[in-house]
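Engineer: Chains L and U, in that order, are what the protein sequence lines are.
First residue of the first sequence? That's 1 in my numbering, and the numbers climb one at a time after it.
First residue of the second sequence? That's 1001 in my numbering, and the numbers climb one at a time after it.
The hints are simulated quantities; they were obtained by calculation from the structure and are not laboratory data.
Don't be surprised by glycine CBs; every beta carbon is placed ideally from N, CA and C.
Just so you know, not all the hints are guaranteed correct.
[As the list claims (entries may be wrong)] Going by beta-carbon spacing under 7 Å, a handful of chain U positions derived as facing chain L:
1. Ser1046
2. Leu1048
3. Leu1049
4. Ser1052
5. Pro1082
6. Tyr1099
7. Lys1100
8. Phe1103
9. Gly1104
10. Ala1105
Spelled out from the first residue to the last, the chains are:
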Amino acid sequence: DAGITQSPRHKVTETGTPVTLRCHQTENHRYMYWYRQDPGHGLRLIHYSYGVKDTDKGEVSDGYSVSRSKTEDFLLTLESATSSQTSVYFCAIQRALHPEQYFGPGTRLTVT
Amino acid sequence: KQEVTQIPAALSVPEGENLVLNCSFTDSAIYNLQWFRQDPGKGLTSLLLIQSSQREQTSGRLNASLDKSSGRSTLYIAASQPGDSATYLCAVRSSGSDYKLSFGAGTTVTVRA
């Protein structure tokens, strides 16, 4: 257990509304990641963070923004949700000096 | 851009049979390769990680091999059990990638009792 929680775990929202997903870690890890998982695509990286206020884009970042004002929290915001953003969102952390990445339980988001 | 492929997408075997899951990647400049298990509606659980300098890694009934030059990894699960039914994902960390992972789409395994 890498001490990662995600909230909410499930959310249904309407097209055009902003949505924020939260990833919280308890172990003070520097690197945090947001992925989305869709059938047939595996997991794809949206954004990642390598420290407080230090973030960068992944391969599918359009329509998403992130913020990290504290080490323990990494927020993912869908600025104006679209149906194509219906997905399962996973947060992950990377422990320093450890090669493995650890994942949270996921958030299932449905945009109607 | 690193592309990771897992074939087949689904596999069904009788209990007791050995499982062989394949993962291929296009860029051999990798730091490591990680195998994950995912149960329906759940997150990912790390099974094995192979560093680029290693040829294989073992944990209990699981054995993962890596042939970096040919861009392939294989996960072997010996004497499969119904509890092994899950989706298995491989992920590659490319060199210079800031710990970012590139994932395959997974192989969904069903072990029949």
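Engineer: With reference to the structure, classify each hint as holding or not holding.
Structural biologist: Here's how the hints hold up against the structure:
no. : hint    : result
1   : Ser1046 : 5 Å, holds
2   : Leu1048 : 9 Å, violated
3   : Leu1049 : 5 Å, holds
4   : Ser1052 : 10 Å, violated
5   : Pro1082 : 23 Å, violated
6   : Tyr1099 : 5 Å, holds
7   : Lys1100 : 6 Å, holds
8   : Phe1103 : 4 Å, holds
9   : Gly1104 : 5 Å, holds
10  : Ala1105 : 4 Å, holds
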